[in-house]
Every structure is written in structure tokens, then in C-alpha cells.
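**Q** One-letter residues, chain by chain:
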Amino acid sequence: MTTRLSGTDLTLAYDQRVVASQLSVAIPDRSFTVIIGPNACGKSTLLRALARMLKPKQGAVHLDGSVITTLPSKEVARRLGLLPQSSIVPDGITVADLVARGRYPHQRLMRQWSKADEAAVTEAMRATDVTGLADRIVDELSGGQRQRVWLAMALAQETPILLLDEPTTFLDISHQIEVLDLCADLHEAGRTMVAVLHDLNQACRYATHLIVMREGSVLAEGDPAEIVTPELVEQVFELRCEIIQDPQSGTPLIVPESRRRVTSPA
Amino acid sequence: MNVRLGPWSMRLAPRSLAVTALLLLIACAVAVAAISTGEFTVPVPDILAALAGEGTPVAELIVNKLRAPRVATGLLVGAAFGLSGAIFQSLTRNALGSPDFIGFTAGASTGGILAVVAGGSAAVIAGGALAGCVITAVLVYALSYRRGVQGYRLVLVGIGANALLLAANSYLLTRSNIYDAATAAAWLTGSLSGRGWDHAIPVAVALALLLPLCAYVARPLRMIEMGDDAARAMGIRVEPVRAVAIVAGVLLCGVATAAAGPVMFVALASPQLARRLTRSPGVTLASSALMGAVLLTASDLIAQRLLAPVQLPVGVVTAAIGGAYLAFLLRKDRY
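The listed protein sequences correspond, in order, to chains G and B.
Going by UniProt numbering, the letters in the first sequence line up with residues 1 to 266, in that order.
Going by UniProt numbering, the letters in the second sequence line up with residues 1 to 335, in that order.
These are calculated hints, taken from the structure and not from any lab test.
For glycine and all other residues, C-beta sits at the position ideal for the given N, C-alpha and C.
Each hint should be verified, as a subset may be incorrect.
[Said to hold, decoys possible] Among chain B residues calculated to face chain G with C-beta under 10 Å, some are: (1) 12; (2) 93; (3) 198; (4) 227; (5) 281.
[Said to hold, decoys possible] Rough simulated footprint, nothing fancy, chain B against chain G, three-plus residues with beta-carbon under 8 Å: (6) 50-64; (7) 68-76; (8) 99-107; (9) 189-195.
[Claimed, not checked] Pair ranges (Cβ atoms, derived): (10) G:88 - B:309: 46 to 56 Å; (11) G:38 - B:170: 52 to 62 Å; (12) B:37 - G:109: 37 to 47 Å.
Please take these sequences and the hints and turn them into a complete structure.
**A** Set out below in C-alpha cells:
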């Protein structure tokens, strides 16, 4: 397994509150890595550290063999993109203008709009199916459309590695699937994708590499079909469950046990 | 609209260009009108002659000593207020985050009044205003700092500081003798009357030094409006950009207040008016500066001519015009 992005012996903290210590992860190249775990387990914090949004108290994040904070910030932005959990839509901006902002790391003061910029924006909008919305005001779009526009902006950045912090939050189920299918397409096209997700079944279905976290440490990682067991789910989420095969994808499907069984199968 | 010229390329919005050009034209027209008209009319060709030092002594006195410096001060101060307002509204992501609402202008006033009470010359009053503005900005920034500065915290702390400083200003006026109080009160309304080249030149120097800085941070600032993480993900070093922008914004506000007094509303209204006219997303620096210049000089022209020979302080007119126009635009706002 080769890896361009990894974190070694990370201690992650907000001020004095330590979220994780001695944490090491490696993102396999060309994988669709999904980080999962209960609320407050440090999964978003880990993603933010990998994307250099949070400086580790100890340890280091490496990108292509260099400590990420020693690389010029714009240079990193040409290799690694991040879709944050929440971004602010500038007042009155159109879809095309917002997507075009994804080209920032490729631009210079004197070269603000090259042909490569134009081609990347066109392609990003095509891939996310927002070409038809180009002249619409982003504020006026539905949640699902807006998330596709943010993804298009991240795509226009043309980074081989793309990190997504809970890209499906606030979306209804059909839009969640739409966004995840799109991520799977991007992964198939050759990108390394890393996403923090909440839904274990969706994680199992889409991930090629699953990182399971609890209380700031990694409990298991690998192919979901190999690592996801009732014991692991109980250990991580304190939830008893059965695991069956997802009839659509053949991946593990978690069926939670509730405290009171309504009917048992005949 | 894409413009490419060899290795240079830019993306320009035709509407922004048109609005910017129009604002430039209006600024020129207002300047010419302000220099030409009044109790003693100077025809336009005579203005040029006087500026070149080839006019009649009367025309040269009126143009070079009285009207041109006043217009120049108005244009420069207006541009500085407009820019400063645009910078802080962008940083705080809030229209109310403009220096005349978050205490910076009030702090400049406190400095100015203290200088008046101490019996200072015009230069000392200007220095006091600049110092008051900078000290207030440092305090507001320090009080709202918590792992970086959040826009809404800066606005709330600033509004608190504003209230406190306005109270302090009133107190200072009641404690000072009647002559100082009258001088301070006149300065406090904000006025361009009697402004000479010694007022215009410091603002011009400040703008010349700070404009390149503003141009440099304009694009990253627009990205930071989308959130700190989103900007960092694009390779922007958020804290240094923000620090440069704050320094530029505070100095512009301080220098402008030092020259013309705390003229209200230009910093608040100019970026909002410019944004609605250009229909560009977020706050734009260039059009905000031009809008500030137009708003202040046009207001001053009206202040001089409307009730002539009674002269109004320009601050009264900027509030009336800017406020009315902003209300009109907001009424049909689609955003």
C-alpha cells in the first residue's frame, strides 16, 4: 500500500482539551477512505488535522513525504482539497462564480483566469451536474443542489486528494445517496477520497477503506467486509446488532437490535 | 467576460466595470461642480488655468486655496472611509461591522476631543483622532480575541465599545469649558469646511501607501468571506491576510477621521450601495472606495448649496442621503 497522506503520533487538541493522542493513520492512495465513529470521537478533528486546518500539539501530518506545514499553503492546496462541514455562501453569488473560486490556488495576481481555469470549471460543473444551474444564485438553491455546487468548487481545485467533512449532513436520504454516488464516481476516476460520515451502512457501502474511531483512537481499519462485525459495532457504538449482506451492494448491512423486539421472524 | 493578453488574464464582470466607470465620472462631475459654483462662479476653463497657475489672482485664490483642497479632501476622505468600511464589513461578514458602528470612529472622536480640551492645534487634534482610533481598534480586537477573531464577536464587542466611548465623549464635552466644547462639537459633526492642502495631503499619502496593501488582500479577503476553513483549504494564510486588512482598515479610518472628523455613515453605506449597484457577490473594495468618494463630495456640495448662505455640516447630509438611498435599495432587495 502506498500513501501520500498520513499522520503520525498525532496529539490533537482544542486549547487544553485533548481530543486524541498517539493517533496514527495512513490514507491509502486511490482509496475511498471513510472515517466513522460515535459523536465526539475525534473523526472530524482528525480530518481537519489531515487538511492542516488544525495544528497537532505533537506528531506531524505528512503529504508526499514532507511535513504538511512546511509546504507552501498554495502548493498544498493544489494537491489536497477540503470540503468543510459548513461554509458561508457569499451574498448573491452565482453558481458559476462560486465554482470558479475553486481555481484560487492555481491563480496568480497577473494570471487570474487562464484557459486551464476555464476548462477545470466547466468539467467540475459537468461532473456534478450543475451546468444547468450556472447562472442561478446559490442562496436560492435546494440543500442538495447547494452541496453539489460546493463539491464542484472543490473539484475545480483539481486536487488528487479530496477530503470531505460530513458531506451528507443536512441532506435528505435521496440527496445523501446522490452525493455519495458522485463521490464514488470521483474515486473511480482516480482520486483519493476521504470522508467523515455518520451512517455506518452508507460507510460500508461506499468505503474501500474504513477507519473506525472511538474516543480519539482508531479501533479498526481496513476493508469494511473484513472488519465490520457485531462485536466491533458493539464495542464502538455500544449497540447490539445483526449484520447481513446489503442486497444491493453485498457489503455489510447493520441491523440494530432495539431494546424491545416487536416481532421475531417466523 | 474573460480578458487575456499574453500571460495576463483576468475575469471581469461588465456590470462592475460599468458601475466603476460611472462612479469615476460622477466623482469628476461633482468635483468640477463644487470648484466652479458658489458665491463666486469660476467657469470651467478658468479652473484649469488657475490650477496651472495662469489664472486671475481671485480665481487662483478661490480655486487653489479654498475650493480645490476642500474637494480633494472630500474625495480622499470619502474613499478612505468607503475602503475601511468595505474591509471591516468583509472581515466581520456583517454590514454592521463597519468602523463607525464598532467604536473605531467614536474612539477617534475621543482622541480628538481630548486634544481639543488640551488646547491642541489642528495637527494635534488630527494626531489625537488617529491615536484614539488605533487604540480603540487594538482594545476591541484584543477583547474579542478567542482562538482567532470571530466576526460576530468583533461586532458585539465593538458595539459595546462604541456605546462606552459615546458616553465618554458626552462626559468630556460637559466637563470642558464652553469654548472648547463648541470647537469639539463642531469637529464632532464631521465637516469639510475650511479644509486645506494640509488636510488633504496626509490622507493622500496614507491612501498611496495603503492602496497596494488593499489590492493585495482584496482577493484573499473575498475567499475568507466563505469561512476560515474554506479559505485555508484554498491555500490562503488566513491570519496574516486578516492582520494586514485590519491594519489597513484601521489606519484608513483613523486618517480619514483625523482630516474631516467622524463623518457618520459613509463607511457603512458605501460598500452596501456599491455591492447592490455592481451586483457582485460580497464586498468589493474598488467600487466601495469610489462610492465613498462620490457620497462624501456630493453630500458636501449639497451641504454648501442647499440652504446657502447657511452652511450645513457634511455629516448631516451623508446620513440623510446615504440612509435614504440605502432604504430605497433595501426596499426592492432580492437578496
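**Q** Which hints, by number, does the structure contradict?
**A** Failing hints, ascending: 3, 9.
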